[in-house]
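Please put together the full structure from these sequences, using the hints given.
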Amino acid sequence: MNKIPEVNYLNADRGIKSWLFTLDHKRIGLLYLFSIMAAFLLGGVFAILIRLELLGPGKDIMEARTYNQIFTLHGAVMIFLFIIPSIPASLGNFILPQMIGAKDVAFPRLNLLSWWIYMFGAIFAVISMSAGSVDTGWTFYTPYSTTTSTSVVAMTLGIFILGFSSIFTGLNFIVTIHKMRAPGQTWFRLPLFVWGLYATAIIQVLATPVLGITVLLLILERVAGIGIFDPAMGGDPVLFQHFFWFYSHPAVYIMILPGMGIISELISTFSQKKIFGYKAIAFSSLAIAFISFLVWGHHMFVSGQSQLASAIFSFLTFLVGIPSGIKIFNWLATLYKGKIRFDTPMLYAFSFLFLFTIGGLTGMFLGTLATDVHLHDTYFVVAHFHFVMVGGTVMAFFGGLHYWWPKFWGRMYNEIWAKISIAFTFVGFNITFLSQFLLGAKGMPRRYYSYLEQFQSLHGFSSFGSWIMAVGFIIMAIYLIYAVFKGPPAGDNPWGALTFEWRTTSPPPKENFKETPTLTHGPYDYDKIIPKRTI
Amino acid sequence: MTSGNSSGHRAHLAHHFSESSQQSESARMGMWIFILTEVLLFGGLFVAYTVYRSANPEMFYNAHKHLDIHLGTLNTIVLITSSLTMALAIRSIQLNDRKKSIKLLATTFALAAVFLIVKYFEYSHKFHLGQLPGKFYTYTGIEGSNPHIFFSVYFMMTGLHGIHVIAGMIAISWVMRITIQGRLSSEYYTPMELTGLYWHLVDMIWIFLFPLLYLIG
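So the sequences go chain by chain: A and B. Quick note on the numbering used here: the first sequence kicks off at 1 and runs consecutively. Quick note on the numbering used here: the second sequence kicks off at 1 and runs consecutively.
Check before you lean on any hint, since a few could be wrong.
[Claimed, not checked] Under the rule of at most 16 Å between Cα atoms (straight-line distance), these lysine to aspartate or glutamate pairs were calculated in the EDC-like manner:
1) A/Lys514 x A/Asp60
2) B/Lys135 x A/Asp230
3) A/Lys179 x B/Glu25
4) A/Lys3 x A/Asp492
5) A/Lys179 x B/Glu19
6) A/Lys510 x A/Glu63
7) A/Lys339 x A/Asp527
8) B/Lys65 x B/Glu143
9) A/Lys279 x A/Asp525
[Unchecked claim] According to the in silico footprint, chain A covers these stretches of chain B (three or more CB under 8 Å from chain A):
10) 31-37
11) 41-52
12) 130-140
No wet-lab data here; the hints were simulated from the structure. No residue lacks a Cβ here, since even glycine has one placed at the ideal position from N, Cα and C.
This is the structure in C-alpha cells:
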C-alpha cells in the first residue's frame, strides 16, 4: 500500500506567508498553476460569451461594442496571462529542477519575483482592459490603437510588466539547465522536456524585450505623439506590425515548444520504449526556436510589404514544417511496436498528435502567398491557431498536468472520470473548430459581430461544440481538485517512468531529493530497465 | 543569492548550490543573458533609427548638425573613463584593497552624474529651441522631410539610455554600500562584478549612440 510521506514540501512550512513568500520552486510552480488556471477560467468564460453572441446573426446577448471588448479580453487573457506562462512557469518550474537532479532553480528569489510581477501585471492588465473598455483585439494594431479613446496605454503597460515575468523565468531556466545539473547529467541525457524548456527560454529571453520596446513606443506615440507610427507625421504604421510580430510570432513557439517537450515524455513513458531519434527531437526544438525569429512577415502578406519580402517569408515559413515534422515522425516511430498504455496522459498525447498535425498543416496553407490572400483574417486563421494552441499546447499542458498531478500531491485522480472528461473535450473541440475551417474557407471574416444567414448553421454548430468542451473542462476541474484531498496515494512512480522526478517521493521533500541522485541510466532506457508502476 | 544558512556553507553560498564557483558562474551567466535582453530592447530603437534615416537621409544629415558635438564628445570621454574606474574598482577588491575600491566606485558614480548633468544642458537647450519629438516640435530651421522624427528618435534613444545610466548609478551606490559594510572581499565580489558588466553595457550603448546621432555624414 502506498503512503504519503509524513513531511513533504506541502506541509514542511505552514501558513499563507510560507506560500506567498516561498523560495521553493515547487510551491512557486503551484502558485503559478493556480494563477494561470484562474486566467484560463476567465478567458474560457469570455470564449463562451463570444460563442453565445455568435449563435445567430445580429444581436444575441450583447452590443457590438461589448462584443469587441470581450474578444479583446479573451485573446489578451488567454495569450498573455494563460498560454505564454502556462507550461514553463507552472509544470516547468515544478519539474525542471527535479528532472536535472537539482535542489532548486539557479535564482529562487528571481523566480518568486517573476510570480509577483506576473500577478501584478495580470491584475493591472485585466482591470485596465475591463474598466477602460479596450476593443483593439489582443494585437493592438496601429493606427486604431493610437487613435481610439479606450485605455490602450494602461493595457499595454500591463503587458510590458508581464514581459519581465516571462524574461525572468526564461533567464532562470537557461542558467539552471546550464549550471545546476546533477553529476552525470550530460546534455544528451537530459529529458526532452528540459530541451523543450531550454529552447522556449531562449525565445523568451530574446523576443520579449522587443515586445517591451514595441509597447513603450506605442505608449509614447499615444502620450507624447512622437509620430513614429503615424503616417501623417512621416511615421510608418506597418513598422508597428513588424515590431509586434517580431515578438509575437516567436511567442507562438514559446507556447508550443514546452508542449512538444511534454509529449516526448508521455509517448516514451506510455509506450515503455526508448524514444526514437532523441537527438533529432532535441535539436529540432532548437531549430524551431531559431527559425521562429525569421518568419514574422507571414502575418503581413496583405499589409503592403514588398512582394520579395513576402516570398522570402513564405519560404522561411515552410521551413518550420521540417523540424515539426521531424518531431511528429519520431513520436510515431516511438509508438511503433511499443507496449502502449492508454492512461489519461497518453490520451492527451494522442489528441495532441492528431490535432497539432491538422493545426500545423493548415499553417502551411496560410504560409502560401496566394491562398493566404483568400484566407487572411477569416475564421480559417482562427481555426488554425486554435488547433495549434488548444489542440497542441493546451492538450499537452493537460497531458502533463495529469502525468505529474500524482507527483504534485502524492494522490491519484479518478481514471474513469478523466477519460470521460477528455472525450468531452476532444469531441467538443473538434465540433467547435473544424466548423470554423469551413466558415473561413467560405469567406467568414474573423472578429465580426454579425454575419450573413448562410453562415448560421456552421456558427451554431461551433457554439454547440464550445459547450461540450466546457463540460469536459468542468468535469476535469472537479475530479482533479477532489484527488488533491481524497485521491488514493499514488506512490513514487505511478507510471513506471525513468526520469529523475519519479525517483523521489510523491510529494517530494522540500529539498527535492534526500540526497543528490546520481545517474545510472538515461531518461528513456526502457530497453535496459522497466521500473515497476506503483499504482 | 547572497544569504545562506545551512551548516558547513560559507556565508554567501546559497543552500541550493554545492560550491562557490557554481554560484558565481550562475550569477555571471544570468547577468550576460540579462545584458542580451537589454541589447534587444535597444535593438528596436536601432531598427527605428535605420528605417527613418533611410527614409529621410537628407533631413537626418541636416538635423544632426543641431546636436552639440563637443558636449557629445565630452560625454563619451566621461563614460569611457567611468568604465575604466569601474574595472579598476573590481581589480582592487580582487586584491582585497577595499578602500581603493570604494574610492574608485565613488569616482564612477561621480562620472555618471557628470554625464547626466551634461545631458541636462543639452536637453534644456533643445527644449528651449523647440527641437522636440513628434507633435511638440516647433523649430523651423531644419531642411528636409519630417525633421521632428529625428528628434523623436534622438530623445527616445538618449532618454532610454539615460534611464539606464540612472539604474546603473543606483546599482553602483548599492555595491558601494555593501563594500563599505565589508560584505565584499577577494573571496566574494560577484555583486560588484555584475554591476561592472551592467555599467560596461551602458557605456557600450552610448558608444553606438554617439556616432549614430552626432557623427552623421
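Against the structure, the hints:
Under the criterion of a C-alpha separation no larger than 16 Å, the hint pairing A/Lys514 with A/Asp60 is inconsistent with the structure, at around 59 Å. A C-alpha spacing of about 11 Å is found between B/Lys135 and A/Asp230, which places the hinted pair at or below 16 Å, so the restraint holds. For the given pair, A/Lys179 sits about 8 Å from B/Glu25 by alpha-carbon distance, which is consistent with the 16 Å threshold. With a C-alpha separation of about 9 Å, the suggested pair A/Lys3 and A/Asp492 falls inside the 16 Å cut-off, and the hint holds.
Between A/Lys179 and B/Glu19 the alpha-carbon distance is near 11 Å, which keeps this suggested pair within the 16 Å criterion. Taken as a hint, the A/Lys510 and A/Glu63 pair is broken in the structure, with Cα atoms around 52 Å apart against an allowance of 16 Å. A C-alpha spacing of about 12 Å is found between A/Lys339 and A/Asp527, which places the hinted pair at or below 16 Å, so the restraint holds. A distance of roughly 11 Å separates the Cα atoms of B/Lys65 and B/Glu143; the hinted pair therefore holds under the 16 Å criterion.
With a C-alpha separation of about 14 Å, the suggested pair A/Lys279 and A/Asp525 falls inside the 16 Å cut-off, and the hint holds. With 4 residues bearing a CB less than 8 Å from a CB of chain A, the stretch 31-37 of chain B meets the requirement of three and the coverage assertion stands. Evaluation of the coverage hint for the stretch 41-52 of chain B: fulfilled, as 9 residues show C-beta separations to chain A shorter than 8 Å, against a requirement of three. For the stretch 130-140 of chain B, the assignment as covered by chain A holds, since 4 residues bring a beta-carbon within under 8 Å of that chain's beta-carbons and 3 suffice.
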